[in-house]
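A.B. asks: Can you make the complete structure from the sequences, with help from the hints?
Sequences listed follow chains A and B, in order.
First residue of the first sequence: 97, per this note's numbering; consecutive thereafter.
First residue of the second sequence: 359, per this note's numbering; consecutive thereafter.
Since the hints were made in silico from the structure, they are not lab data.
Where a beta carbon is used, it is the ideal one built from N, C-alpha and C, also for glycine.
Mixed in with the good hints there might be a few duds.
Unchecked claim - Which chain A residues stay away from chain B? Per the calculated CB distances, all over 12 Å, these:
{"#": "1", "residue": "ALA156"}
{"#": "2", "residue": "GLU173"}
{"#": "3", "residue": "GLU196"}
{"#": "4", "residue": "TYR210"}
{"#": "5", "residue": "LEU268"}
{"#": "6", "residue": "GLN293"}
To be verified - Partial list, derived from the structure: chain A residues whose beta carbon lies under 8 Å from chain B:
{"#": "7", "residue": "GLY138"}
{"#": "8", "residue": "MET177"}
{"#": "9", "residue": "PRO183"}
{"#": "10", "residue": "HIS209"}
{"#": "11", "residue": "GLU211"}
{"#": "12", "residue": "GLU212"}
{"#": "13", "residue": "GLU215"}
{"#": "14", "residue": "GLY237"}
{"#": "15", "residue": "LEU263"}
{"#": "16", "residue": "LEU265"}
{"#": "17", "residue": "LYS271"}
{"#": "18", "residue": "ALA295"}
{"#": "19", "residue": "TYR332"}
{"#": "20", "residue": "LEU333"}
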Amino acid sequence: MAGTTLLDIKGVQTYYGNIRALNGVDVTVKQGEIVALIGANGAGKSTLMMTIFGAPRARAGTITFAGTDITQLPTHEIARMRIAQSPEGRRIFPRMTVMENLQMGASLDNLKHYEEDVEKVFTLFPRLKERIAQRGGTLSGGEQQMLSIARALMARPKLLLLDEPSLGLAPLIVKQIFDAIRELNRTQGLTVFLVEQNAFGALKLATRGYVMVNGNVTMSGTGKELLANPEVRAAYLEGGHH
Amino acid sequence: MSDASPPMNDAILHVEHLSMKFGGLVAIGDLSFRARRGEITALIGPNGAGKTTVFNCITGFYKPSEGMITLNRRDGSSYLLERLPNHEIPARAKVARTFQNIRLFSGMTLLENLLVAQHNKLMKASGYTVLGLFGFSGYRTASAESIDLARHWLEKADLIDRADDPAGDLPYGAQRRLEIARAMCTGPELLCLDEPAAGLNPKESMALNALLMDIKDNTGTSILLIEHDMAVVMQISDHVVVLEYGRKISDGSPQAVRTDPRVIAAYLGVEDEEVETVLTEVGDEDIIEQLDTGPDSAHGPGTSSSYLAGPVTETVGHSEGERVTVSKGASKAGQVDARSSAAANKAAKATPPKTSRTKPAAKQNSPRAISNALDAPRDGIADRLALIKGIGPISEKLLNQHGIFHYDQIAAWKKADVEAAETYLAFDGRIAREDWIGQAKALAKRASAAGKRGGRK
Ligand SMILES: Nc1ncnc2c1ncn2[C@@H]1O[C@H](COP(=O)(O)OP(=O)(O)OP(=O)(O)O)[C@@H](O)[C@H]1O
Ligand SMILES: Nc1ncnc2c1ncn2[C@@H]1O[C@H](COP(=O)(O)OP(=O)(O)O)[C@@H](O)[C@H]1O
Ligand SMILES: [Mg+2]
Ligand SMILES: [Mg+2]
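C.D. replies: Okay, here's the thing in structure tokens:
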């Protein structure tokens with residue numbers, strides 16, 4: 097299985113109105129990889145994540161998942177292929193409780209694992225367990241972020257898309273989430289494609305990485321290569337603590 | 359407060375015995391702190407500690423259950439914020455804020471957003487929502503003066519090139535700067551920022567630091583800052599207040615707070631590669647002793663941040679003399695406090711650990727056992743294996759399930775043990791690659807040195 101291409105993005109162009117946000121992007125994610133996408137704000141990272149889900153839709157290029165062309169599939173059918181996403185800015189259901197949010201994330205084909213999966217996400221985020229009945233909208237920012245990631249995990253995804261998972265989380269929790277991603281990848285072979293501003297953490301975690309500048313992928317390599325690359329260091333790593 | 363507390367009129371903000379309850383949940387419990395005029399005061403702490411709730415009380419979004427919040431303006435006037443109607447707080451008390459979840463008029467241009475901000479009445483009427491849907495012609499009604507002010511802050515926030523674009527089209531990081539610019543356009547004496555660096559990369563965070571220092575140095579506006587990016591907090595704050603469970607666990611200079619074991623345990627954690635530096639910096643025996651608190655098996659992964667342990671309904675109501683009550687072992691800061699009070703305490707705590715219940719089953723399934731596995735951690739207290747680079751909370755749990763609790767156990771592994779462990783953890787060659795054994799040896803040595811000096815077994 098390892099080495100097979102799971103997600104293949106070729107020449108993808110995405111527009112907002114008549115402004116082009118992605119100028120022909122090529123990215124591949126192989127089965128069992130953790131791939132990180134880094135780049136400045138406004139580079140188009142979130143746009144690429146959302147384009148995978150068809151909203152907004154690619155105007156040119158193809159997106160293939162596990163051999164199936166999903167470029168024109170409706171969003172709910174893409175989700176049914178077991179691609180799960182924790183989008184930027186924690187879009188949880190504010191009026192639903194924590195538990196109901198998790199139920200929304202569980203895939204219908206997978207309900208027999210439901211209890212087990214709920215327990216698993218509660219092990220990762222004990223805080224959510226204590227807030228089972230609290231409405232999503234009244235959770236603290238970081239608690240909402242935990243819920244968003246937990247909901248994506250509930251889908252038992254073949255591919256997990258995370259748009260800035262560390263956003264708004266306490267340093268200890270960031271470390272815990274990165275550790276958890278690493279271990280889910282190791283123990284269950286979960287394939288992950290993530291966007292991060294915390295480039296140091298993301299590249300340290302990733303098998304491979306891509307750098308995006310103004311809607312173009314300008315660099316790619318193993319996580320280590322990119323971490324060592326002077327251009328990457330100057331643009332995305334320096335000026336911060338690691 | 360400490361002796362170093364400023365005289366009253368030097369404190370722009372004085373929070374006293376503040377409490378806020380949501381049903382049975384005590385989000386803030388008897389919190390007191392001060393923010394000095396002209397300084398940047400940071401409010402940090404784990405997710406759900408109550409930081410945003412403090413802002414909501416200061417800015418009148420919530421009426422606190424108890425307590426007093428005094429704002430002292432430059433002209434000598436004072437306001438009790440908890441008594442002021444919330445729409446009067448910006449204008450009369452000169453307090454402005456930004457929100458953790460961005461709230462801009464996304465359909466309006468940047469410039470319009472800043473002009474609306476200066477029309478306090480409109481802001482109030484709009485309730486930050488539907489205004490501007492049609493026909494709000496910010497330009498036409500605005501004075502030249504307010505346009506100048508808007509332009510000034512757009513320049514400062516490095517957004518002037520996009521003045522005419524809809525705010526909603528801006529990337530996330532730029533929207534954050536726009537919020538600060540908007541708040542500054544109201545001419546605040548106290549600026550409350552809720553996670554302004556969220557979504558910024560390290561470079562952008564440094565630019566934010568520059569903007570905030572500029573505000574501090576050139577406007578006299580005092581800043582209250584909630585932020586999880588420690589590169590921002592530690593570099594620009596004059597004073598840091600740390601919350602856990604709505605309670606203050608530390609209060610002091612960035613340096614003092616950063617090295618406070620309670621803050622490390624509850625919030626900061628220790629970066630893998632930084633473990634050694636911190637240990638040597640701070641005097642390793644003490645810190646090892648304090649960080650060494652075994653994971654409380656009832657409360658999830660040992661490295662997790664503080665989590666309120668019991669169900670919400672178990673938290674007690676807050677009244678005179680009461681404090682936030684959380685189940686035993688939930689507060690990391692509390693654990694550190696408990697730790698520093700004697701080994702006797704430790705012996706008492708040494709109850710048979712939960713892990714012994716699940717372990718035999720796990721063992722049977724395993725093809726091979728690790729030779730030096732234990733039935734239970736010695737003294738009932740496991741070492742924090744996650745301090746070894748490469749061991750995360752899940753691996754730590756798995757190792758515990760297989761009878762590995764202590765650094766010295768890993769330090770003594772032979773080849774067959776490593777292979778057995780790799781089978782359990784589904785790792786290949788990682789233990790050698792990351793030199794767990796070497797790391798464990800170093801940690802075991804430090805722990806035993808600490809034990810001798812600190813009277814620890
Ligand atoms: N309206 C509400 N109803 C019930 N619980 C609430 C409400 N608002 C906040 N809480 C709870 O109070 C606690 C404190 O929340 P707050 O938003 O102040 O946390 P915070 O310190 O800002 O956390 P973060 O760093 O994650 O933003 C949280 O556990 C939250 O779930
Ligand atoms: N809904 C939208 N409408 C118009 N422009 C947008 C929208 N969302 C994003 N953009 C623009 O597309 C570009 C890429 O943004 P985004 O994908 O959010 O970048 P990143 O995630 O890398 O920060 C930016 O110039 C941004 O302003
Ligand atoms: Mg983005
Ligand atoms: Mg908050």
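A.B. asks: So which hints don't hold here, by number, going up?
C.D. replies: 5, 6, 8, 9, 10, 11, 12 and 13
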